[in-house]
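Colleague: Just so you know, the protein sequences line up as chains A and B, in that order. Our numbering applies: residue 1 is where the first sequence begins, and numbers increase by one. Our numbering applies: residue 316 is where the second sequence begins, and numbers increase by one.
Careful, some of the hints might be misleading.
Here are the simulated lysine-lysine pairs, DSS-like style, with alpha carbons at most 25 Å apart [said to hold, decoys possible]: (1) A/K247 to A/K21; (2) A/K11 to B/K337; (3) B/K337 to A/K247.
To give an idea of the chain B side of the interface with chain A (calculated C-beta under 7 Å), a few residues [claimed, not checked]: (4) A330; (5) R332; (6) G333; (7) K337; (8) V339; (9) P394; (10) Y395; (11) Y401; (12) M410.
What follows is a list of derived Cβ distance ranges for each label pair [said to hold, decoys possible]: (13) A/G271 to B/E348: 50 to 58 Å; (14) A/T3 to B/V365: 18 to 26 Å; (15) A/Q305 to B/V365: 17 to 25 Å; (16) A/E251 to B/S383: 53 to 61 Å; (17) B/E348 to A/W190: 43 to 51 Å; (18) B/N409 to A/A309: 35 to 43 Å.
Since the hints were made in silico from the structure, they are not lab data. Each residue gets a CB set at the ideal place from its N, CA and C atoms; glycine is no exception.
Below are the chains, spelled out letter by letter.
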Amino acid sequence: MMTPEQNFMRKIEAEEKIEPKDWMPESYRQNLIRQISQHAHSEVIGMQPEGNWITRAPSLRRKAVLLSKVQDEGGHGLYLYSATETLGVKRADLIAAMQSGEAKYASIFNYPTQTWADIGAIGWLVDGAAIVNQVSLQRTSYGPYSRAMIRICKEESFHQRQGYELMIALAHGSPEQKAMAQDALNRFYWPALMMFGPHDAESAHSAKSMTWKIKRETNDDLRQKFIDQTVPQIEFLGLEHPDKDLKWNAERGHYDSGEIDWAEFYNVINGNGHCNRQRVEHHIRAHEEGAWVRDAMTAYNAKQQAKTAEQRQAA
Amino acid sequence: MATDNLELYEVFVRARRGLDHKHVGSLHAQDAEQALEYARDVYTRRSEGVSIWVVRSRDICASQEDDSESFYDPSDDKPYRHATYYQLPEAVNNM
């Protein structure tokens, strides 16, 4: 007779998904809550840097596209909060943890969007990096997370393509536009690499997450994939690669690259990026300003229920 | 057979772990527990599933097919939500 723990590991090893009502180790549950809610917070906070440019998009077409993309991010946040809630936590608590700083979101969103080209760079590089990670997570061991990832990946391709299309327009435009594209690439390239997290040896949660198949590929392997796929994309734009140490390694079949500025990485994670405070303050403000809507819905529901009860009694 | 006094339930079956539950049909039962047993007997006689959901049909709120045109209208004129809308040169078209 197998213990619940052995049965759980049997499913993991047999590539079977773990579903919400299955027995699971408490630390597996906690690990998932941390990772999926962090992912959800990232989708929602990620609406801010892009939302910043909706009213200033250079054409109606670009504006409609950007609006659609930001709308998608909100939807992705919903898929992921719902997946987290299958683990027995309340959304209100998750949001409170993010607002207090106890729970994190992707650090990339603490960088400001200074020019219109940043919108292109974000779609191309930030969503591009997210896709590499999310494609891998489609095979995560937790059923609801895996299904949310599959849904999100289907929608995500448009995000990267619209960003790259925007970059083409700028890179092949006037010298000023090209310079703007180069500047956005320079500023977003390294933070995009940081999105994959610390090196495997330094990563706090990696080993356990790999054993449990929450994560399917390591931070460094995913980062390598992104580095390799981005090189021809930069070349096509005719822009300069921001990594001066980048070199093809025929033996490995991959590009060797320069070292990431890890001091910057930890500095931003620990709250000292350009926009950390602004992002959380804005989230809290929007949340508080929307309180009356939630209150009105509760009041309306209570009224409706009372009415139904009354009708039942009368009948 | 008096099904009049019985509740109608919709049955959803998860064929394999990792997949969504999928609607397979409906049945009458006295209560949820009985509905689950009936569903097992009727819809999973050949190992069609690893998990069953039953939901009272009257608890399901459904959109009206007749209203489809106006209901889905807001997304019909937004082709730019599709990846294929963005024409990229062959060299970089794999994203």
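Colleague: Please go over all the hints and tell whether each is borne out by the structure.
Modeller: Against the structure, the hints come out as follows:
1. A/K247 to A/K21: Violated, at roughly 49 Å.
2. A/K11 to B/K337: Answer holds: A/K11 to B/K337 is near 22 Å, not above 25 Å.
3. B/K337 to A/K247: Roughly 50 Å separates the two Cα atoms, so the pair is violated.
4. A330: Violated - the Cβ of B/A330 stays beyond 7 Å from chain A, reaching only about 12 Å at its closest.
5. R332: For B/R332, the interface hint holds, since the closest Cβ of chain A sits about 4 Å away, which is under 7 Å.
6. G333: holds, 3 Å
7. K337: Constraint on B/K337 not satisfied, violated at 12 Å.
8. V339: violated, 18 Å
9. P394: Constraint on B/P394 not satisfied, violated at 10 Å.
10. Y395: B/Y395 check passes; min Cβ-Cβ to chain A is 5 Å, inside 7 Å.
11. Y401: holds, 4 Å
12. M410: Result: holds, 5 Å to nearest chain A Cβ.
13. A/G271 to B/E348: 50 to 58 Å: holds, 52 Å
14. A/T3 to B/V365: 18 to 26 Å: Holds: the Cβ-Cβ distance is about 21 Å, inside 18 to 26 Å.
15. A/Q305 to B/V365: 17 to 25 Å: The hinted range 17 to 25 Å is violated for A/Q305 and B/V365, with Cβ atoms some 36 Å apart.
16. A/E251 to B/S383: 53 to 61 Å: holds, 58 Å
17. B/E348 to A/W190: 43 to 51 Å: violated, 58 Å
18. B/N409 to A/A309: 35 to 43 Å: Distance hint for B/N409, A/A309 is violated at roughly 59 Å.
Of the numbered hints given earlier, the model fails hints 1, 3, 4, 7, 8, 9, 15, 17 and 18; all others are met.
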